[in-house]
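Using the sequences plus the hints, can you model the full thing?
Number of protein chains: 4
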Amino acid sequence: MSNFGSDNVTGAHPKVMEALAKAADGPAIPYGGDDWTARVETRLRDVFEAPDLRAFPVATGTAANSLALACVTPPWGAVLCHQDAHVNVDECGAPEMFTAGAKLIALPGADAKLTPEAMAAPLALAAARDVHRVRPSAVTLTQATEAGTVYTPAEVSAIADAAHGAGLAVHMDGARFANALVSLGCSPAEATWKQGVDMLSFGATKNGCWAAEAVVFFKPELADGFEYRRKRAGHLVSKMRFVSAQLEAYLEGDLWIANARHANACAARLAEGLTAAGVRLAHPVQANEIFVHMPAEARDRVKAGGFLIIPWPDLGPDAVRMVCAFNTRDEDVERLIATVAGA
Amino acid sequence: MSNFGSDNVTGAHPKVMEALAKAADGPAIPYGGDDWTARVETRLRDVFEAPDLRAFPVATGTAANSLALACVTPPWGAVLCHQDAHVNVDECGAPEMFTAGAKLIALPGADAKLTPEAMAAPLALAAARDVHRVRPSAVTLTQATEAGTVYTPAEVSAIADAAHGAGLAVHMDGARFANALVSLGCSPAEATWKQGVDMLSFGATKNGCWAAEAVVFFKPELADGFEYRRKRAGHLVSKMRFVSAQLEAYLEGDLWIANARHANACAARLAEGLTAAGVRLAHPVQANEIFVHMPAEARDRVKAGGFLIIPWPDLGPDAVRMVCAFNTRDEDVERLIATVAGA
Amino acid sequence: MSNFGSDNVTGAHPKVMEALAKAADGPAIPYGGDDWTARVETRLRDVFEAPDLRAFPVATGTAANSLALACVTPPWGAVLCHQDAHVNVDECGAPEMFTAGAKLIALPGADAKLTPEAMAAPLALAAARDVHRVRPSAVTLTQATEAGTVYTPAEVSAIADAAHGAGLAVHMDGARFANALVSLGCSPAEATWKQGVDMLSFGATKNGCWAAEAVVFFKPELADGFEYRRKRAGHLVSKMRFVSAQLEAYLEGDLWIANARHANACAARLAEGLTAAGVRLAHPVQANEIFVHMPAEARDRVKAGGFLIIPWPDLGPDAVRMVCAFNTRDEDVERLIATVAGA
Amino acid sequence: MSNFGSDNVTGAHPKVMEALAKAADGPAIPYGGDDWTARVETRLRDVFEAPDLRAFPVATGTAANSLALACVTPPWGAVLCHQDAHVNVDECGAPEMFTAGAKLIALPGADAKLTPEAMAAPLALAAARDVHRVRPSAVTLTQATEAGTVYTPAEVSAIADAAHGAGLAVHMDGARFANALVSLGCSPAEATWKQGVDMLSFGATKNGCWAAEAVVFFKPELADGFEYRRKRAGHLVSKMRFVSAQLEAYLEGDLWIANARHANACAARLAEGLTAAGVRLAHPVQANEIFVHMPAEARDRVKAGGFLIIPWPDLGPDAVRMVCAFNTRDEDVERLIATVAGA
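Residue numbers (the numbering used here), protein chains in the order written: chain A, 20 to 362; chain B, 20 to 362; chain C, 20 to 362; chain D, 20 to 362.
What the hints contain is simulated information worked out from the structure, not anything from laboratory work. Among these hints, one or two may not hold up.
[To be verified] Ranges of calculated distance between the beta carbons of each label pair, as one might list FRET restraints:
(1) Asp273/A / Asp273/B: 38 to 44 Å
(2) Pro135/A / Thr61/C: 56 to 62 Å
(3) Glu291/B / Ala315/D: 56 to 62 Å
[Stated by the list, open to error] Below, computed lysine-lysine pairings styled on BS3-like, alpha-carbon distance capped at 27 Å:
(4) Lys238/D / Lys213/D
(5) Lys34/A / Lys34/B
(6) Lys41/C / Lys34/D
(7) Lys238/C / Lys213/C
(8) Lys238/B / Lys213/B
(9) Lys41/B / Lys34/A
(10) Lys41/C / Lys213/D
(11) Lys34/C / Lys41/D
(12) Lys34/B / Lys41/A
(13) Lys238/A / Lys213/A
(14) Lys41/B / Lys41/A
(15) Lys34/C / Lys34/D
Since the structure is predicted, the reported quantities are computational estimates derived from the model, not experimental observations. Positions of the beta carbon are idealized from the N, C-alpha and C atoms, including for glycine.
The structure is reproduced here in structure tokens:
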């Protein structure tokens, strides 16, 4: 099977495995008191040019998002998000569980992007302090988005300004943060806190790790209570070095950037090739995901060719999603293009 | 540092690392749809002689316990446990979070063991169906216990009979299940469902894995809703094969038994040697944990010798805990004995 | 002030006060073991021609709705509702709290009415049993609606059929059930369980009581756990006869019907008079609420005339809501019409 | 039946009913915006000599306790209480629900009183900030206690000092606060905030109202979020004047003091008479509750005489509880004494 189904269909990058193998011997203080975990926080401070940030490893993106949002959202609060956001659609109510029942306010927006305009009505609600209504407390935006698009720094900044103006915190779900960053070509700081992002779910699982994310607080005071929340949610891994060693390898020598650059390049080539073959894109291709409308015959050929791609009925009966990953092979990309083209 | 502090101070067993390395290549269906996960369930059915059991991998013991208990405990329910139980003392309220606010009823008992006698009053409460009071819904017992002792099958059976008689489900926290099993010398089935255990947190992390536990339902109907609960708690690992590959290696060739046998043997030798050196045991040593009263001078020598042992003030100012693990070296055991003896 | 602002701006009906005064003397078993409470259940069984129904008094409509929904919605469940529904907009996340974090899925629909068409997509989701997504478990419809309209029995039946077909329970928020019933002219049974309603929040507060609602289960098995839920939510009033005495007086001699008939008649006259005065209705007037577009000058005259009416910006800057109640005086209705007409 | 079973077996005091009757006419702003509610807060500020206090009416004591505790206890927090406390035993897990899963730490103590000594170990835990353990965040003491005893101001002060020293808030469950106050003979301020009480559930239901309590915050900043919590718990009564009118009548002319004084005097006379008749008290009688050991023959005579008293098996098979109330008749007290005495 040639995987274009999802980036979590992949295994782990060899360098991540090497790091794990090296970390397997010898004792280490459990529950995050180990050296790997300390080094990861230090490294992220460098990467983000943010000497005060706090970073906490967890094993899943759902945990990262829910724990971060719970730190800034009381039970009577609400989180503004795009209606297609992973937190809203694909986490089975995890944010609701971790916040003890806060509401997600799902908003529309082209290409899976939130806009200040769509946020205006709920932000007015936040100002009203009406006890009959939940109080918007946070906004979360996914970078890269669920449509494979990327917010520009200016777009992030506009959203963050609107949110902060109404007293909301700003969270970024960065399950594919590396792909977005490579696409933007700016620094990690410019992509996040310099635009007003307060908290980041720094994803690594989809881009070469096994199960590793970091919850990053650019405003350390927002992390108050985080460690209690993580523990009682069962997300304080006892042999934490095992998560942190993945993250260390991921950051080492900018492996994360290289991996994302490769995945994005594959996606760009795929988009180019498919477009040339007459396939219509459903969203601009700005990171490592591609959404297209593909005729049934082409889909049949793709399936027969041993490729995994995913039907995407929300975009129409002929829509499919393809995802490129750190280990997508160039020859598979070319073969997929040729297969679609019917060559 | 020679680790006698805890079994989660260790890394992973080489065979677990090998299995992970082998699993790292190639695509696999995410979220538990992979072959490793299917094989682990099949293997556990064999191990437990229970063809209908359901088994679900998770990454932490706290998650395993809380998810299992939540399946059988409504928000107005209560879970009977020993007052020293990990779920009561060391999980920062995780069972309360996962059950949406059920109560733990902490009961006394020598050597960290529950007894039907201690359970009598709350079981009467369960029968009363008094809406002013929480309704006991489950009992959980830790095997091996937090005192390093082991319930006999007869003890488990007596507890389970009492619980079932009052309509409660029976959960076993098996964070150190392998150590208990080796100590008992009976089959996995005889240690669990044949005595009335309904659900088992089958621990592997402490005994050679990185982060791998399985929630085992001997009564499959109790698992209804489990998969939703796991997902919304952020515990459905996307690259699930990585947890399952650990478990597969752990079960393969009875590595789990061998590891536990080694750890228990080290603990037995240590207990023998320390007793001979005049140290008094605080609990019988029946698995891989040793609790002793140790004079201050001996503790100082131990510390100076580079050993990690843990003060245990609940048993008195002179009490310490030592834990042997799958990778404890015999020479370290002997050296620790000699150090305590002051030789 | 002449109240057309809301039906909860009113006090209590004299007959309700008489009943309370009579109930004030002498001892009674607390927590709902009293005779008033038993009689109310019996009376509701007669009223609804449903000898097996269970009915539980509570003091607020938010409690009634949330407790009922929690009985049929697991934490990973979802409740389908109209986007303007009281449970979605005006209860500050109470259903989310009582269900331990379930989601409300807010759906569009003209005149604040749900339709099977709007429910189709989430009902398909319920069938899919996808653990990544919350599982629709209940639908709730408000009768009379938040727009002052009334579902016909056929409309209720169509919604209930669709819901039941996908395994969802059907709840009716009857905060203004009496007003809807009078409007329909059918029997209570025909308005509810004969169309497939499983649970009803039977409202009395807005129609002449102080603080009295009954949670009615037409399928008694759905009430399993209700009494525990009510107690732990703090809604088991100790001197329960005080709630039940209100309900008994409310039902006695069909006071509830007479009250609602009066309120509806006032609203109908008001709608007629305002329409004749050139005011445009925003929704059909089918119960005791009136939503209109009213020119600014008319609104100024109304305010100057000492009338309480409520701006309703969701319907536009010129929109207002007026509500008639059991104690609205005919002369106030006429005076309001004349004031708007500028006579 | 002559009620000595409980103070919530009673109805309402005539003055409370008069006030309700007067409040029943005319419009009032709903949801607590009415004049009655404002006056109650003002009156409580006078009564407690605390011009900044915030007071919020609710309808049940369980709601009052749970809402107050939730304001100061995070989900990973813990509440210290006596093991017999109403919040621990009789509220079916309400504090756990309202706090989203915090733990109650139940402590022993003679005559149902907490002591700083019993609190020492959990307070040390609070200081440790160990993420594996819940963090004690509040202490609650019941005044008068569940044993009918009364904390002295010095005892309250010692508890509050210990609590504050470890960063915990101090809550008083004053379901029978009036009875305690009359017993102490001090001012409301001296019984509460002058000893360090931060929050009070000011009970009125048991002492002459229908369903009326006030949550009183002596430190107004602790009330942040209270109004959202009350609403989403379904405890914001829409026709709030009806709760507040009860409270106003209760406070007017010190009705609350007179009622409690009568109840306490009846209890004192009863204790004196029963003791003279050879009955042994199980606890000192300091408020309106009496716990005694009563021979079976005496209990039979009491039952035959038409008295409601309650067996209290926690104190032994021969133990019973008797409660005097605002409307207990002196002749019933004398008749009960005579009946027990076998005269």
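> Going straight from one Cα to the other, do Lys41/C and Lys34/D come out at no more than 27 Å?
Replying inline: At roughly 14 Å apart (the allowed maximum being 27 Å), Lys34/D and Lys41/C satisfy the hint.
> Between Pro135/A and Thr61/C, is the Cβ distance one that fits in 56 to 62 Å?
Replying inline: 57 Å Cβ-Cβ, so the 56 to 62 Å window holds.
> Okay, Glu291/B versus Ala315/D on CB: inside 56 to 62 Å?
Replying inline: For Ala315/D against Glu291/B, whose Cβ atoms are near 58 Å apart, the range 56 to 62 Å holds.
> Are the Cα positions of Lys238/C and Lys213/C separated by 27 Å at most?
Replying inline: 12 Å, holds
> Within a Cα-Cα threshold of 27 Å, do Lys238/D and Lys213/D meet the stated pairing?
Replying inline: Given that 27 Å is the threshold and the Cα spacing comes to 12 Å, the pair holds.
>> Check the hint pairing Lys34/C with Lys34/D against an upper bound of 27 Å on the C-alpha distance.
In response: 19 Å, holds
>> Need the status of pair Lys34/B, Lys41/A: alpha-carbon distance at most 27 Å?
In response: Roughly 14 Å separates the two Cα atoms, so the pair holds.
> For the pair supplied as a hint, Lys34/C and Lys41/D, is the alpha-carbon distance within the 27 Å limit?
Replying inline: OK: Lys34/C and Lys41/D at ~14 Å, within 27 Å.
>> Just to be careful, I want the Cα atoms of Lys238/B and Lys213/B compared with a cutoff of 27 Å; is the pair within it?
In response: Status holds; Cα separation ~12 Å.
>> Given a hint of 38 to 44 Å, does the C-beta separation of Asp273/A and Asp273/B actually sit inside it?
In response: 43 Å, holds
> Taking 27 Å as the top limit, are the C-alpha atoms of Lys41/C and Lys213/D close enough?
Replying inline: This hinted pair is violated, its Cα atoms lying about 42 Å apart.
> For the pair supplied as a hint, Lys41/B and Lys34/A, is the alpha-carbon distance within the 27 Å limit?
Replying inline: Since the Cα atoms of Lys41/B and Lys34/A sit roughly 14 Å apart, the hinted pair holds (cutoff 27 Å).
The earlier numbered hint that this structure contradicts is number 10, and it is the only one.
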